[in-house]
Amino acid sequence: MKLKAMYSFLNADLQLVEKELEAATQSDYSLLSSAALHLLQAGGKRIRPVFVLLSGKFGEYDIQRIKHVAVALELIHMASLVHDDVIDDAEMRRGRETIKAKWDNRFAMYTGDYIFARSLEWMTRLNNPLAHRILARTIVEVCRGEIEQIKDKYRFDQTLRCYLRRIKRKTALLIAVSCQLGAIAANAPKEVADRLYLFGYYVGMSFQITDDILDFIGTQEQLGKPAGSDLLQGNVTLPVLFAMENVHAKEKIVRVHPHTSADEMNEIITLIKQTGAIEQSYAMSDRYLQKAFAVLETLPKNKARSALYEVAKYIGKRKF
Amino acid sequence: MKHILKKMAMLKEQIERFLHHPYLLHHIPMQSIDEDRILLSLSMLEDAHLSSEEMDGYVVPMMLVQIALDTHDEVTNSLPHQEEDELKTRQLTVLAGDLYSGLYYDYLAKRSDLATIHVFAEAIKEINEHKIRLYQKDIGKIESLFHSMAVIESSLIYKIGEHISLPLWSKFAYYYLLLKRLVREKELFMKQGTSVLFEQMANIVFQKNKAMAKEQKHYLSHICNRYIEHCKEELLGIELECNELLQMRLSELIGSFSVIAKKTVEEG
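Just so you know, the protein sequences line up as chains W and F, in that order.
The working numbering applies: residue 1 is where the first sequence begins, and numbers increase by one.
The working numbering applies: residue 1 is where the second sequence begins, and numbers increase by one.
For reference, chain W alone in the conformation it holds in the complex (with noise of 0.2 Å):
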């Protein structure tokens, strides 16, 4: 099944969130305004939207209340793409140029700021302050930990821990208060607001897990950069911690530094997947997503839960 089938009963309102994106990044400046339009038309799964939408079914879902957290989150997404893209000195996402490669890192600066500024204009129509701690917070918590991920590069003596704390930073945890703040948008129970963002937490770790098997297992077109690219920028993730379980894939892995060639890379990356630790990161990947419905039994059954179970599935287990 699509992505896009599981949640049909959804489709009116993603499309008001949709021409929300539109008009939040609108700006008296056209060039601006393009830039814009070309990060959104850049398009992505908007994946926050969808869980907040469907985590807002859990309570008294107003679209029009709701729509203000499926915007807000877009954008502070949006925003940050923009600025990893200076970080990673990428020229191309999802098929089209960066805006830092169409036009240059300032630029991108400027551009992603704007962005950040008019997500949170958008969370300001939201009059709940619970609403905004969190979301603070979260916002805090992320940057730590995208600080943290240089601290760690080529720093291949890190644990497991340390691995599991940086991708929940880097991506649970925004999965996790996009479910959190749809249910506490929607006015749904505390409890079930705590039990979406265990969902999405668990889910978003089985996501970022399943993105770092796939920069190993996928092919340059498919991946849009070159296999083993993370590594090569000196970012340890579960294949490479699974692999150097084993020490003459360590002995190899250890010597990784930004300019080793495209060869050894090649080398490097076959053995990390003889040592069975892509099986491995999958297997953990799968945990983390069985942790995830777990938790989606707890929650009272209607068609958002059943499209919640789906959309995990379908994250977790995807392929590209």
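FYI, nobody ran anything at the bench for these hints, they're computed from the structure.
There could be a bad hint or two in this list.
As the list claims (entries may be wrong) - Across the chosen pairs, the derived CB separations fall in these ranges: (1) F:G140 with W:L160: 54 to 62 Å; (2) F:P29 with W:E91: 43 to 51 Å; (3) W:A262 with F:E83: 44 to 52 Å; (4) F:E84 with W:E267: 19 to 27 Å; (5) F:P80 with W:C162: 55 to 63 Å; (6) F:E83 with W:G224: 25 to 33 Å; (7) W:N127 with F:Y23: 32 to 40 Å; (8) W:K19 with F:E215: 30 to 38 Å.
Cβ coordinates follow ideal geometry from the N, Cα and C atoms, glycine included.
For this one, chain W is given, so just place chain F on it according to the hints.
Below, chain F alone, put in the same frame as chain W:
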């Protein structure tokens, strides 16, 4: 005066605590905290008879936003030596700015102050619109150029002034911070032969960006002086109860302009 100096020092300490991040501080230079902005905003808030805690609630997040935006101005387009350390510095500069932005939101969210979150978000939006216009050299008129500079410098305080219904203070901040920026730009131009403002003026007036003849430079200096003079007149015409310290700073600023203007005349 003692009282305001003490308050400024306390605020500075609070802000520094927020900025303290050992790893970041080890790799990127700490942004300086502009005491003039603290003084200006405090003077305005005192005039609104706000409590000390209420003042903190505006000044601390405002300075965090300012530092976040200033930090992002430091992000480079190219790496002079193509070295790993330069790349790391750039990456951390991006993230430091993002973190400080997040901290402003977190500070106000903890106080449940959604109105001020909105005020600053509007200001950040406006500042970045004008920064891009300026950066892209997409400004067609000299007046618009000076207005963009004023917005970039003053929008945060300006919008607080509007929010607490002190429009005269907004106007004062607009011209005070523009004046400060113009004096800085003029000094840079005199020392290094170029500055963002003068490059932009050359682009608008002579439709060029390359080396200018002496007469052309002099002409641009003259335009800048005229605007500095205009700011001065506006500031002196605004009837506000300024505290002693702010009055002193204003006199210093105007005085430093007189020195520059004299030098311009001497250098012909």
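Here's how the hints hold up against the structure:
The beta-carbon spacing between G140 of chain F and L160 of chain W, approximately 58 Å, falls within the hinted interval of 54 to 62 Å. For P29 of chain F paired with E91 of chain W, a C-beta distance near 28 Å fails the hint of 43 to 51 Å. At roughly 22 Å, the beta-carbon separation of A262 of chain W and E83 of chain F lies outside the given 44 to 52 Å, and the hint is violated. At roughly 23 Å, the beta-carbon separation of E84 of chain F and E267 of chain W lies within the given 19 to 27 Å, and the hint holds.
At about 33 Å, the beta-carbon gap between P80 of chain F and C162 of chain W misses the expected band of 55 to 63 Å. Checked against the hint of 25 to 33 Å, the pair E83 of chain F and G224 of chain W passes, with Cβ atoms roughly 27 Å apart. Between N127 of chain W and Y23 of chain F, the C-beta spacing of about 37 Å keeps the proposed range 32 to 40 Å intact. For K19 of chain W paired with E215 of chain F, a C-beta distance near 54 Å fails the hint of 30 to 38 Å.
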